[in-house]
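S.K.: Respectively, the protein sequence lines represent chains A and B. Using the working numbering, you'd call the opening residue of the first sequence number 1 and step up by one each time. Using the working numbering, you'd call the opening residue of the second sequence number 1 and step up by one each time.
Any given hint might turn out to be false.
Stated by the list, open to error - Keeping only pairs whose Cα atoms sit at most 30 Å apart, straight-line, the calculated DSS-like set for lysine-lysine is:
1) B:Lys101 <-> B:Lys173
2) B:Lys30 <-> A:Lys137
3) B:Lys77 <-> A:Lys25
4) A:Lys105 <-> B:Lys132
5) A:Lys19 <-> B:Lys132
6) B:Lys333 <-> A:Lys148
7) A:Lys105 <-> B:Lys50
8) B:Lys173 <-> B:Lys28
9) A:Lys25 <-> A:Lys137
10) B:Lys30 <-> B:Lys211
11) B:Lys211 <-> A:Lys82
12) B:Lys304 <-> A:Lys82
13) B:Lys372 <-> B:Lys254
14) B:Lys101 <-> B:Lys77
15) B:Lys278 <-> B:Lys211
16) B:Lys50 <-> B:Lys333
As the list claims (entries may be wrong) - Listed next, with one range per pair, are the computed distances between beta-carbon atoms:
17) B:Ser154 <-> A:Lys25: 31 to 39 Å
18) B:Gly228 <-> A:Leu154: 45 to 53 Å
19) A:Lys137 <-> B:Arg186: 44 to 52 Å
20) B:Gly81 <-> A:Glu7: 31 to 39 Å
By construction, these hints were calculated from the structure, which means they are not laboratory data. All C-beta atoms, glycine included, are put in the ideal place defined by N, C-alpha and C.
What follows is each chain in one-letter form.
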Amino acid sequence: MPQQTTEVSTETYRVRIAKLQEAMKEFGLRAVVLESGPAMMYLTGVRWGRSERTFAVVFTQTGDPAWVLPGFEEMRARELIKVGDDIRVWQEDESPYQRIAGILKDRGVALGRVGMEDSVRFFVFDGVRQASRQTPKLEYVSAQPALKSAGVDLTPPAGRGGRKQ
Amino acid sequence: MNRRMFLASAIAGVAAAQQSDLPEPIRKLKPMLDGVQPITAAERAARVEKARRLMREHRMSAIYLESGTSMYYFTGKREPGQAWILPLKGEPVWTPADPAKAAQALRDSSVATGTLGLEEQVRFAAFDGLRKEAPALEAVSATPVTAGCRMIKSPAEIALLQRANDITIEAYKAALATLREGMSQRDLSANISAAFRALGTGGGAMAIFGKYTAFPHGSIQPQQLREGDMVLIDDGCSVEGYQSDITRTTVFGKPTKRQREIWDLERRAQDAALAAAKPGAACEGVDAAARKVITDAGFGPGYKTPGLPHRTGHGIGLDGHEWTNFVKGNKTKIEPGMCFSDEPTIVIYGEFGVRLEDCLYITENGPRMFTKQSPAIDQPFG
Numbered sequence: 001m002p003q004q005t006t007e008v009s010t011e012t013y014r015v016r017i018a019k020l021q022e023a024m025k026e027f028g029l030r031a032v033v034l035e036s037g038p039a040m041m042y043l044t045g046v047r048w049g050r051s052e053r054t055f056a057v058v059f060t061q062t063g064d065p066a067w068v069l070p071g072f073e074e075m076r077a078r079e080l081i082k083v084g085d086d087i088r089v090w091q092e093d094e095s096p097y098q099r100i101a102g103i104l105k106d107r108g109v110a111l112g113r114v115g116m117e118d119s120v121r122f123f124v125f126d127g128v129r130q131a132s133r134q135t136p137k138l139e140y141v142s143a144q145p146a147l148k149s150a151g152v153d154l155t156p157p158a159g160r161g162g163r164k165q
Numbered sequence: 001m002n003r004r005m006f007l008a009s010a011i012a013g014v015a016a017a018q019q020s021d022l023p024e025p026i027r028k029l030k031p032m033l034d035g036v037q038p039i040t041a042a043e044r045a046a047r048v049e050k051a052r053r054l055m056r057e058h059r060m061s062a063i064y065l066e067s068g069t070s071m072y073y074f075t076g077k078r079e080p081g082q083a084w085i086l087p088l089k090g091e092p093v094w095t096p097a098d099p100a101k102a103a104q105a106l107r108d109s110s111v112a113t114g115t116l117g118l119e120e121q122v123r124f125a126a127f128d129g130l131r132k133e134a135p136a137l138e139a140v141s142a143t144p145v146t147a148g149c150r151m152i153k154s155p156a157e158i159a160l161l162q163r164a165n166d167i168t169i170e171a172y173k174a175a176l177a178t179l180r181e182g183m184s185q186r187d188l189s190a191n192i193s194a195a196f197r198a199l200g201t202g203g204g205a206m207a208i209f210g211k212y213t214a215f216p217h218g219s220i221q222p223q224q225l226r227e228g229d230m231v232l233i234d235d236g237c238s239v240e241g242y243q244s245d246i247t248r249t250t251v252f253g254k255p256t257k258r259q260r261e262i263w264d265l266e267r268r269a270q271d272a273a274l275a276a277a278k279p280g281a282a283c284e285g286v287d288a289a290a291r292k293v294i295t296d297a298g299f300g301p302g303y304k305t306p307g308l309p310h311r312t313g314h315g316i317g318l319d320g321h322e323w324t325n326f327v328k329g330n331k332t333k334i335e336p337g338m339c340f341s342d343e344p345t346i347v348i349y350g351e352f353g354v355r356l357e358d359c360l361y362i363t364e365n366g367p368r369m370f371t372k373q374s375p376a377i378d379q380p381f382g
């Protein structure tokens, strides 16, 4: 069971992200979408319990990652996010998938392949594909080959998720 | 909390609860599971029939579920690594959660074309594999079927939820009797877990002290209990898989005028939500009713803090959070058998937060709380 440490520096995360971006180019992925979990932990250091409220990070081939998270968790989340200041919150009556679709649009990802991490839950993927209906030229594929090639550690970390309020 | 982890340690916990190092109020607890009636096979069969009716309505040829609460709901089993397929016609099928094998099972059930409903927690990898192995099937969300069944609770389900709520109140009473100067939030959390174990079930709750009560999900900052601190505990346990979710907020010591005023306001907001949760009303109206009490007092508006930064409540059943929510925009009509939390938090960053959370179920005659609401800031239990 891997131990969580706080020793990993922001620079290390930047190096890991750059490596993923290289792999994305190699595998032809215009974007990669992750929910919280081991891959997010490895690439960004952000550890967040999964709940029905979508908390996601989107990588594109260049630039910093973009974040999508619940509005009322913003303060707690900002304490954890070390890389990327494109943070898009969704309020309780809003759609997180619209936020993800908005990131793709703003970053010029209008066609081509979007990689979904294998553990992304169907309702998140389904929400994204429906929110992106205006860009029907997007193709959703598994991000796993690119993640593996970039050496992303996909081992589930110890500890438990949370569901509270 | 991940309840299953607690369940795993529950048996060991009964022995541990007898150890003398536990605080007196917890040592005195006795298991509360006598007479619990599990869901019967006949009730599960009726659920499957209802699922088929909804599948027909939503034009699904089959639904595909992997291990999780919906699988448990229909089958009474939790089978990691297995998938359960319910075709519109014919018998349900168990198969390894492997796309090639699942696609074969679908073909064997004469489901080769049409629409396949995927349970919403299924991983993208399963979707990706199934579209390759069964390319003529169109994958859609099975939620109209799974939630369509699960949102409406039977009397047997309400009885299990009632028990989980009753146990949680007893655990909280015992744990709040252990408050002492200097204890950490983790000490209190551990006492709550120990109380649940002594009561015979798996459960736990987060504990938050002082200004950190403003963070709806707490803070990792170390906290030591001081005279005058707000104390917030939130979560619950499960009985036969059915979850409780209760929050109590109180003060360690004598409350200030400000603490009392905000607490009273919170209680009025919780009451307003309860009064609005009438059968036939739209879910969003319940949120609006609670939020109005808080914004009329000068907080907010909307989700702005200081104020109520989140929805007023969520559905509850086999998942602690499930369909449907008391949230703006949700026009779903409230129906008898639905179960919800009622928990409009008031967040004042830098000062404190107050959340009172009780769960309710809807009857023909209106909403009924599972638990007695907290009557006053210095009386967590009614």
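S.K.: Hints first: check each against the structure and report whether it holds.
M.R.: Structure-based check of each hint:
Restraint check: the Cα-Cα separation between B:Lys101 and B:Lys173 comes to about 50 Å, which exceeds 30 Å; the hinted pair is violated. For the suggested pair B:Lys30 and A:Lys137, the alpha carbons sit about 61 Å apart, so the restraint of at most 30 Å is broken. Our distance criterion of 30 Å between C-alpha atoms is broken by B:Lys77 and A:Lys25, whose separation comes to about 43 Å. Note on A:Lys105 and B:Lys132: the hinted pairing holds, with a Cα-Cα distance of about 28 Å set against a maximum of 30 Å.
A distance of roughly 29 Å separates the Cα atoms of A:Lys19 and B:Lys132; the hinted pair therefore holds under the 30 Å criterion. For the hint pairing B:Lys333 with A:Lys148, the CA-to-CA distance comes to about 46 Å; that exceeds 30 Å, so the pair is violated. Between the alpha carbons of A:Lys105 and B:Lys50 the distance comes to roughly 41 Å, so the proposed pair goes past 30 Å and is violated. A threshold of 30 Å between alpha carbons decides the hint, and for B:Lys173 with B:Lys28 the separation of about 12 Å falls inside it, so the pair holds.
Restraint check for A:Lys25 and A:Lys137: satisfied, since their Cα atoms lie roughly 18 Å apart, inside the 30 Å limit. For the hint linking B:Lys30 to B:Lys211, the alpha-carbon distance of about 34 Å lies beyond 30 Å, and the restraint is violated. Our distance criterion of 30 Å between C-alpha atoms is met by B:Lys211 and A:Lys82, whose separation comes to about 25 Å. Taking the CA atoms of B:Lys304 and A:Lys82, the gap is about 25 Å. The hint holds against a cut of 30 Å.
Of the pairs offered as hints, the one joining B:Lys372 and B:Lys254 holds, with about 23 Å between alpha carbons and a cut-off of 30 Å not exceeded. Between B:Lys101 and B:Lys77, the direct Cα distance comes to roughly 20 Å. Compliance with the 30 Å bound is thereby established for this hinted pair. Distance hint between B:Lys278 and B:Lys211 is unfulfilled; the C-alpha atoms sit about 35 Å from each other, more than 30 Å. With a C-alpha separation of about 19 Å, the suggested pair B:Lys50 and B:Lys333 falls inside the 30 Å cut-off, and the hint holds.
Separated by about 54 Å at the C-beta atoms, B:Ser154 and A:Lys25 break the suggested range of 31 to 39 Å. Restraint check, B:Gly228 to A:Leu154: a C-beta distance of roughly 47 Å satisfies the suggested window 45 to 53 Å. For A:Lys137 and B:Arg186, the hinted distance range of 44 to 52 Å is satisfied, since their beta carbons lie about 51 Å from each other. Range check, B:Gly81 to A:Glu7: about 35 Å between beta-carbon atoms, so the 31 to 39 Å window is met.
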